[in-house]
Each structure stands twice: as C-alpha cells, then as structure tokens.
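Now for the letters of each chain:
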Amino acid sequence: MSKGTLIVGGSQAGLQVAVSLRQLGDTSPIVLVGEEEHPPYQRPPLSKEFLAGEAELDSLAFRTPDFYAESGIDLVCGERVCEVSRSPSGPPGSGVATTTSGRELPFDRLALTVGAGARRLPVPGADLGGICYLRAYNDAADLRTRLATATNVVVVGGGFIGLEVASAARALGRSVTVVEAAERLMARSVGPVVSEFYRQAHARRGVDVRLSSAVSGFRGERGRVTGVELSDGTSLPADLVLIGVGVLPRTELPEQLGLVCDQGIVVDAHARTSDPSIVAAGDCTVQPHPITGEGRVRIESVQNAVAQAKVAAATLLGRLGNVISVPWFWSYQGDLRLQIAGLATGHDSQVVRGDPDDEQFSVLYYRDDRLLAIDAVNRPADYMAVRKALGQRATIPPDLAGDPALPLKSLVNAAGTVNGIGEPLVRDKRFWSNGHTIAT
Amino acid sequence: MGTLSKVIYIDSAGREYAVDATVGDTVMATAVKHGVPGIVAECGGNCSCATCHVWVSAEFAPVVGPPNDMEEDLLDMGVSERRSTSRLSCQIRVTEALDGLTVEIPPEQP
Ligand SMILES: Cc1cc2nc3c(=O)[nH]c(=O)nc-3n(C[C@H](O)[C@H](O)[C@H](O)COP(=O)(O)OP(=O)(O)OC[C@H]3O[C@@H](n4cnc5c(N)ncnc54)[C@H](O)[C@@H]3O)c2cc1C
Ligand code: FES
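Residue numbers (the numbering used here), protein chains in the order written: chain Y, 1 to 440; chain W, 1 to 110.
Everything labelled a hint here was simulated from the structure, so no lab data went into it. The structure displayed is predicted, hence computed values, not measured ones. Possibly wrong hints are sitting among the right ones.
Looking from chain Y toward chain W, a few residues come up when the C-beta cut is under 7 Å (computed) [said to hold, decoys possible]:
no., residue
1, 64
2, 306
3, 388
Covered stretches of chain W, as calculated for chain Y (at least 3 residues, CB under 8 Å) [claimed, not checked]:
no., stretch
4, 48 to 56
5, 63 to 74
Using N, Cα and C, we set each Cβ at its ideal position, and we do this for glycine too.
The task is simple: from the sequences and hints, build the whole structure.
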C-alpha cells in the first residue's frame with residue numbers, strides 16, 4: 001500500500017501542496033505535519049487586522065476543521081519533525097520522519113514547506129521581557145496584549161512588518177519610534193522614492209522614524225525592557241519593543257538530508273531540491289527568478305508560497321509544466337495601501353506616476369525600457385495593469401506611463417518588447433546572485 | 001458561534017454548494033473555509049488578488065450592491081469575465097438579509 005505524501009510544515013505552502021495534490025486527482029494518503037498547535041492560518045493579518053482587533057484566530061484559519069477529514073488530509077498539529085531518513089530499500093524518495101514526541105511518519109514522497117523564522121537581534125539585553133518578534137499567531141497574541149497597555153513602543157526594523165506594527169500601534173494612540181539601520185525604509189523591497197514617501201507619511205501620522213540608526217542594546221529593570229540604546233549614544237524610552245529585522249529560512253531538516261542550501265533550500269523552477277525526488281516550496285526556498293528563469297531569488301510572500309506549492313504538487317505527481325508566475329505582494333500600513341507586482345531588482349530607470357504628496361502614486365521600474373515591476377500606493381488600477389502586463393509578457397511604454405491621466409491598462413503593449421524566459425532581462429548574474437527578498 | 005445564514009455557490013460545472021455562513025464573515029471566507037473549489041482568495045481578503053471573483057445572482061444583486069472603489073479597479077483589470085453582477089466575494093459580508101444568497105463561481109480565477 002502506498003504510504004503517500006508527507007508534507008512537513010503546516011502553513012501557507014504546506015496546505016497548498018496538500019490541496020493541490022487532491023485537486024490534481026491524487027488519492028494516496030497525505031499527512032500534513034506542523035509544529036504549531038493551531039491548524040493552518042493566514043499570517044498577513046497578524047500585523048494588520050489582528051493587531052487592530054478586527055480578526056481572531058478562528059477567522060484567520062484557512063479551512064474549517066471538517067475540511068481536512070473530508071479531503072482525506074491527515075493534519076497533525078503541534079508536532080515538530082526532528083529527523084528524516086530515507087529508506088534505501090523502498091521506492092526512490094521514500095523514507096520515514098520522526099517527530100519530537102517520537103511519532104513515526106513513513107512516506108513515499110516528501111515535501112518540505114518549513115518556512116522561515118524571525119531573525120534574532122544579537123545585542124545585549126535582547127532577552128528582556130517586553131521585547132517581541134512577530135512571525136506566528138502566538139507572537140501576535142502576545143504582542144496585542146502588550147500593545148493594549150504599552151506607552152512607548154519602539155519598532156526595530158523599518159521593513160513591512162515593522163511598519164505595519166508601527167501603524168497599528170499608532171492607531172491605538174501609542175508613542176511609536178521606528179529604528180532602521182539602513183538609509184531608507186523597506187530598502188530591500190521598494191525603490192527610494194517609495195521609501196522616502198513612507199518616511200514622510202509615517203512622520204505625518206506621528207511616528208518618529210530614525211534612519212541609519214543601529215541598535216546597540218536594550219536597557220531594563222527587573223527583567224523588563226525600559227529603553228533602547230542606539231550606537232550613536234541616543235537612548236529611547238521603551239516599554240514595548242518589536243523586532244522586525246527579517247527572517248531566516250529553516251534549513252535544519254534539508255541540511256540533515258544533505259540537500260543543497262544557500263540562504264534557503266535551493267530549488268529549480270519545478271520546486272525540486274538537489275534531490276529531485278524531494279520538493280520544497282515557500283519561504284524556505286531560493287529559486288530561479290520566476291519570470292526570467294535567471295539566477296536565484298528568495299521571495300517571501302503568500303503569492304510565491306501558493307504558486308510554488310502548486311508547482312511542487314504537480315512535480316510530485318510527475319507533471320512538469322512551465323509556469324510563469326508574476327510575483328505580487330501587498331502591505332497595508334493603516335490607510336496606505338502598497339501593492340507591488342514584479343521584481344524591481346536590476347532596474348536601470350523608473351517612472352513616477354502621480355504625486356507622492358497626494359498619497360496616491362506609483363513607481364514603474366524598467367530595465368532597457370522593459371517593464372520589470374511596479375510599487376503602487378493607493379493606486380490599485382496601476383498595480384493590476386502592471387501585474388497583467390507582466391503576466392502577458394507585455395510592457396507599458398515608459399514615456400507615456402508617467403501621465404496619470406492615461407489609464408495604464410490602455411497602454412499595455414502586448415506587441416512590445418518581450419520579457420520572459422528565452423530572453424533574459426538580466427544577463428549579469430550579479431543582480432540576482434545574492435538572494436533578493438521582497439518581504440521583511 | 002454567531003447567527004447562520006445560507007450561501008449557495010454554483011461552480012462552472014453547475015454543481016451547488018450550500019454552506020451555513022456565519023453572519024459577519026465574508027462570502028469569500030465562508031467559501032474558502034468550507035473548501036468550495038474555485039474561490040482561491042490568495043490575498044485573504046485584502047483586495048489585492050482578484051481571485052475571489054463571483055457573479056451575484058440577479059435576484060440578490062440589488063441587495064448586495066455595487067463594488068467599492070478599490071474593488072472596482074481590480075474587477076476592471078483583474079478578472080476573466082466581468083459582468084454587471086461581478087463582485088469580489090471578500091468584499092461582501094454575510095448579513096441576515098442575504099440569507100439564501102446565490103453566487104456563481106467563474107471557471108477561471110486569474
Ligand atoms: C506578520 C506577517 C505579515 C505578513 N504579511 C504579508 C503580506 O501582507 N503579504 C504577503 O504576501 N506575505 C506576507 N507575509 C509573508 C507570508 O505570510 C509568508 O510568505 C508565508 O506565510 C510563507 O508560507 P510558508 O508556508 O512558506 O512558511 P511559514 O508560513 O513560515 O510556515 C512554515 C510552517 O512550518 C512549520 N515548521 C517548520 N519546521 C517544522 C518542522 N521541523 N516540523 C513541523 N513543522 C515545522 C512552522 O511552525 C510553520 O508553521 C507576512 C508574514 C508575517 C509573519
Ligand atoms: S481575496 Fe484577494 S481580492 Fe478577494
């Protein structure tokens with residue numbers, strides 16, 4: 001009898017692998033095992049609606065409890081897989097996983113969707129009470145409780161999560177300071193025009209944004225944080241600190257299995273790891289650029305987790321397709337709705353559409369006059385037009401894109417330059433080789 | 001458990017899924033949680049993906065009302081077959097007045 005598929009990591013990517021296997025007609029057993037005690041739930045609202053009190057754990061759940069049984073997905077929650085071994089005698093790719101409680105989970109096929117964990121800040125005082133991270137539901141529940149009574153909130157890291165938390169804290173009337181080591185906000189993900197806009201917009205909303213500022217340590221009394229020390233000698237009062245300085249992909253299991261890892265599990269366009277019988281998807285992977293097929297990128301987003309998981313499921317069933325998926329992302333910071341399509345890495349020019357002072361504008365990124373990406377602030381129509389254009393491998397002429405009176409959709413030029421596989425956007429590998437990342 | 005209201009989803013093959021929805025949940029969340037196929041909802045209701053598109057039945061269209069501005073922009077560009085009754089189901093909240101709401105799921109989500 002088939003031992004079926006074992007999916008390690010019960011979140012966005014893992015659940016999608018399971019659902020896609022069923023949708024593709026796979027009837028063999030599926031075990032979805034996750035370390036968290038909660039059935040799979042959405043993470044994005046944790047820093048948005050959940051902190052605002054507009055969502056609760058049961059509204060974040062991806063599926064009703066009945067769904068799993070009805071779909072023949074054996075969901076195992078609250079168990080961490082600590083060891084995986086391959087069986088030399090069984091079919092290729094088969095083996096057995098062991099959880100920390102000693103449970104053995106045999107499999108014929110293995111999918112790794114272990115995600116990423118919050119990167120820790122290794123400075124003195126970092127383990128004081130009141131210093132929080134935000135990756136999982138339990139983190140968010142703790143943060144929300146503390147926010148309810150906090151006075152001075154310091155957010156370390158001006159990426160998406162840091163800024164979303166800053167917005168939520170500000171909306172609750174807290175005093176909020178954002179400390180960012182780089183020269184600009186969200187530097188890994190958006191262009192300088194957008195970074196500067198967000199600095200000003202958050203300042204207008206009463207957030208104290210400090211750029212080029214490194215945290216050297218935390219002060220505390222009786223085990224609780226009371227302040228944040230910056231390397232220029234500044235000391236900020238704080239009774240709540242949220243650290244959002246990026247994530248580290250979890251690579252313990254893949255390393256144990258001898259899979260090639262480089263800031264993530266290295267996979268190909270079919271989600272195959274260096275052992276082609278094992279697939280991996282989501283935040284734990286680095287992959288070829290999803291549009292050009294070039295180089296290696298790490299993309300931390302729901303869209304990517306879902307798209308890669310679908311590919312991984314098809315691969316497990318021996319169906320290797322050629323899918324191009326346009327990366328897209330959103331970050332809602334209060335009333336500032338940022339939507340991103342494409343990857344801007346390697347751009348050599350940009351077009352600003354609309355006036356940032358109106359809090360409604362877009363920046364389109366180009367390389368050799370070919371459209372690469374857009375950052376749209378409160379301009380969903382622009383975002384959608386670019387997303388669509390990229391999916392059709394079309395472009396939007398840069399000389400016209402800057403006129404906000406012309407709808408971008410009317411400018412999408414399918415007969416224009418092709419940007420897709422076979423005609424690489426970037427021949428210089430240097431642009432991709434460091435693992436570009438689009439989320440914090 | 002809040003009050004329940006029935007929502008009926010009809011997929012492109014004509015199959016019907018009648019689901020007990022909790023008042024206050026969105027039509028999207030109700031479908032996804034019950035595993036109604038065809039409502040993908042990648043962005044989880046943040047009006048960013050347009051993969052929760054439905055056609056509201058003519059009978060309920062006036063009660064449900066027209067799309068909001070942001071939704072309008074996504075519908076305009078993002079869906080495969082825009083109709084006058086097109087809505088993003090993440091932007092429709094189930095109310096008692098919508099008991100029996102029937103929506104059709106298009107064959108394709110972007
Ligand atoms: C606060 C927050 C806000 C976000 N906002 C957005 C947003 O607005 N838009 C967007 O596109 N993306 C956003 N993201 C990113 C998005 O949530 C991730 O890209 C997505 O969750 C990745 O899914 P995943 O399944 O690859 O990994 P994860 O969600 O990290 O899940 C991996 C799971 O595997 C489990 N696991 C790991 N190792 C083991 C093991 N050995 N045994 C068993 N289980 C294991 C973990 O406990 C975890 O539950 C946000 C993330 C956070 C934290
Ligand atoms: S769920 Fe994404 S737009 Fe409705």
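Results for each hint:
Nearest Cβ of chain W to the Cβ of residue 64/Y: about 5 Å, under the 7 Å cut. The hint holds. Using the Cβ-Cβ criterion of 7 Å, the hint placing residue 306/Y at the interface with chain W is satisfied: the shortest such distance is roughly 6 Å. Hint status for residue 388/Y relative to chain W: holds, with the closest Cβ pair at about 6 Å, below 7 Å. With 3 residues having a Cβ less than 8 Å from any Cβ of chain Y, the stretch 48 to 56 of chain W passes the three-residue criterion, so the hint holds.
With 3 residues carrying a beta carbon less than 8 Å from a beta carbon of chain Y, the stretch 63 to 74 of chain W meets the three-residue requirement, and the given coverage holds.
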